[in-house]
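Protein chains in written order, with this note's numbering: chain A, 22 to 291; chain B, 3 to 725.
Please note that a few of the clues may not be correct.
With the C-beta cut set under 10 Å, the calculated list includes, among others, these residues of chain A facing chain B [said to hold, decoys possible]:
| id | residue |
| --- | --- |
| 1 | Lys36 |
| 2 | Arg112 |
| 3 | Gly113 |
| 4 | Thr116 |
| 5 | Met123 |
| 6 | Ala124 |
| 7 | Pro139 |
| 8 | Pro145 |
| 9 | Trp148 |
| 10 | Ser151 |
| 11 | Glu152 |
| 12 | Pro175 |
| 13 | Arg253 |
| 14 | Leu287 |
Hint data in this document are derived by calculation from the structure and do not stem from the laboratory. Note that CB positions come from ideal geometry on N, CA and C, so glycine has one too.
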Amino acid sequence: MVSENKHAPDVNDHKLLELLDISKFFGNVTALEDITTSVEAGKVTCVLGDNGAGKSTFIKILSGVHKPSTGQYLIDGQPVEFDSPRDARDRGIATVFQDLAMAPLLSVWRNFFMGSEPKRSFGPISWMDSEFAKTTAKAEMKKMGIDVRDIDQPVGTMSGGERQSVAIARAVYFGARVLILDEPTAALGVRQSGVVLKYIRAAAERGLGVIFITHNPSHAYPVGDRFLLLNRGKSLGDFAKSEIEITELTRLMSGGAELEALQHELSRGR
Amino acid sequence: MSMGEVAGGLFQQIWGNQMTDTIVESGNDEVVHDAKPVIVTADERIAFRGPIQRVLVSPEIGAIIGAVLVWAFFWGNGAKFGTPGTTLIMLDSAAPLGIMAVVVALLMIGGEFDLSAGMMTGATGIMVGLMVKYFHGSGSPMWVAVGAAFVLAGAIGYFNGTLVNRTGLPSFIVTLATFFVLKGVVLVIAKRLEQKVQVADVKDKSGFAGFADFFAHEFKPERFTGRDVAFVVLAIGAFAFGAAGLCEQSFVRRTSNAMKSAGARIAAGAIGVVAAVIAFVMLQRTDSVAANVLWGVVAAVGVVVGIVGLASARYVGRDTPRGGTSLFGDKDLRSTVAAGVAAVAIACLAPLVLDRDERRPILTWFPNWLRLGVGIIAAVTGVAIALRHLWPRLRERFQWYKPIQVICFAGIVGLLLLGGVLSFLQLTTVQALRAVVMMVMGGTGIGLLMLARGRAAKAGSRAQLQIGLLAVVAVAVLAFIIRADSNASRFRSGLFTTMLLVATLLLANTILESILVKRREASAKADRLGRRLVVVAFLCGMAALIVRVVFANVNGTAEGGAGTSIARMSIFWWLLATVIGAFVLTKTKWGNWIFAVGGNKEAARAIGVPANRVKVALFVTVSLVGCFVGVMVLTRFGSVQASQGDGLEFFYIIAAVVGGNLLTGGYGSVVGASVGALILTMSDSGIAAAGWNQDGKFAVKGVVLIVAVLVNNLVRKKAQEAR
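Chain A with its partners taken away, still in its complex shape (with noise of 0.2 Å):
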């Protein structure tokens, strides 16, 4: 089993956020252990594990609604501390939860500006400039490379690839520089998740950092630049692409020595 930390330390790339052994403990349940990982402006970190990895732990303190019991968390190479999801958003760190963050019966712009609406007023009346946010939300979704043709349309109607679409536009849009994707595939359908995991790489080409959290090794592999492995809350590796193929990813993620010592059995039980 690998367990050391490979990544070797490069001075060209420019690591937009880094974790140093972090450990998260509630109580005497240990969440994570020791997890080492880093993302580069520009490149795509997959974050890959089971059900009960510590996956969903690890989002939490990235994202900053957990901090960490020991180890550091870096942006731009200094040490932070966050003592809410507010406090990460402001230093650029956006977080696409599975469930989207969004109201299906609104439609795509106010659903882009929630919560940032642009304004313009007049005396002492101020109001939303609907406008703008409307050409606005259309312009950054075709630099998505979706063309939404009616802005007004609700976010209810469009497939999930689309709204996933627009969760990642709208981190963008607001400054974010590093973009955490929360299981964006795990719904979708085959053709769907290509089309997600091409707007997870468009992201990437605007020269984001971006961490793709999934359970799929099929889905991390075509985008990934380094993949983190998580099994119970301990690190199975963190690769770059070139060391690692994907049958070898496929085989440590689901259980590797394990899963075989299941086959084994399996097959004595027939």
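Please build the complex by placing chain B on the supplied structure of chain A, with the hints as guidance.
Same frame as chain A, now just chain B:
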């Protein structure tokens, strides 16, 4: 340079030019090599929506259609309904409900209810009344009492909101508790101080007159010499701007070069417009039949020539001739058209059979043998429906108990249908039936014709023009039938003129639809201009209506008799509440937050919307506006019952629901809620005006509620399918 372009330019400066262009390609082939390359182009599943379809998806459209129908129904049934005088009285009595419906709708869209809202109006009214009379022995000044009431109301709203946020209990429970507490406290205090449950005699207290003037001022109709001219000008303006706005949103603009070569069309259009305006002015001044006919024809021709001429100069014409089958080629189209014509024919023939002055219920009007016949037919039809429904299942697997089950079920259905038919026949007069038949059949027939026209247009068939002309003829024929048949002036002149105007506009519309190219994609500039023109048209129409109602004409008589129109301040407050509510909801960030919190509270909070603050603000607003309404009612009548507002909270919610607001939150409209309140009040005063049994109003409200919700759902579903 629009803001969007600015943003785009900034983006290119920051990320470089090629980046925006190469995202799609690089993402496609190199990276996602195991998935099929995904082509992200314009989503062909989302069709362009024209102005009409866009209106149809708005939440309040069902309510507005409903309001027009309810209005038309009672307008046809009660001579006292719908005159300016009675309308103003009705609006005044609807104002408290309307104002509260606006804020309750906001709260509902935010995902909460306030059951204490109704009692709040009563409690604050009572509190002000009692303070003015008894505080510190001799009573406090009015402004102190009103100020205290507002503070208390705000505190209660804050309490409601905070409790809901903190405990996570349903607001239904929390505000129900508040409601009971308020009710109990008010009853105890009022009874102890007044020995009864009414607070009266506050009119002579200090400061009362000022507040009464502010909250419930009464406007007597002023004389205004230019009333009729102003009305005509505003009405023409409304139609002109409305037509221009709809055209702008429907058709494709020509290039400016092409427009220069269309001088002849512009000239023809201008002549048409001038002729129409002159004709409308002359129509106001003449009384002789011959002159009326002459100017009427001139006006109609002028309107059509004007609209068609100007529009064909501005928009791109169709250069390919329409192909396809004619009217009688398409079987499907033919049957729809036939049904439409038949329905209009029934509407035209109804007056022959059904007597205008017959006030007896239909059942007693029938000859004896027919009554029995109708009963038998209803029962047999019910049984047949039930059997038809059950037959396949019965045949599938025969068991001994099945026949009995079926017979019982069929019997029950038969009885239900029989009961329904008989009570309808017993409750409805021949007179009402006549109105309903003419309205429903005429409306259905013309609706079917328009539907067929739309289908023909979609198929690019030349039947579009033929069916459109048929619809124009149908409207005109109906108008003349109504004029010939009726003896009430409101039908003979009012409805007749309106329908002829509709026929004229329909004619212009039909011609335009068949000679111009319809726009198939969104154009921000044209859409914006079109939208603004429609808004201006709406404002002109409202102004025309207000001029007509508020001012008396030269003779000093207001519409509907001398001195009958009394506008009250309450109507203005209602209008203001609606405008502010609609502005806040659709145009400000607070509105966006309300939608967001009601639609998905956790999501809204996660993205940075202060969800709890929004909810508390909503509860406080409802309470404060409740207090406003309470003071308004107190100053309006000079007294207030302890039961004032008790139970009204449900009507606020009903008005909001009728107006297209979802009970689950996250979707809705303030304008809809206002219209919903109007519908509820109209059904009350309409029943009174028609001279029907007053106790039936609850039944009518129930029917209105269920029909409105069904229509809302239907319209929303249809509109979403249509895109």
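Original post:
Which hints from the list above does the structure break, by number from lowest to highest?
Top reply: 1, 2, 3, 8, 13, 14
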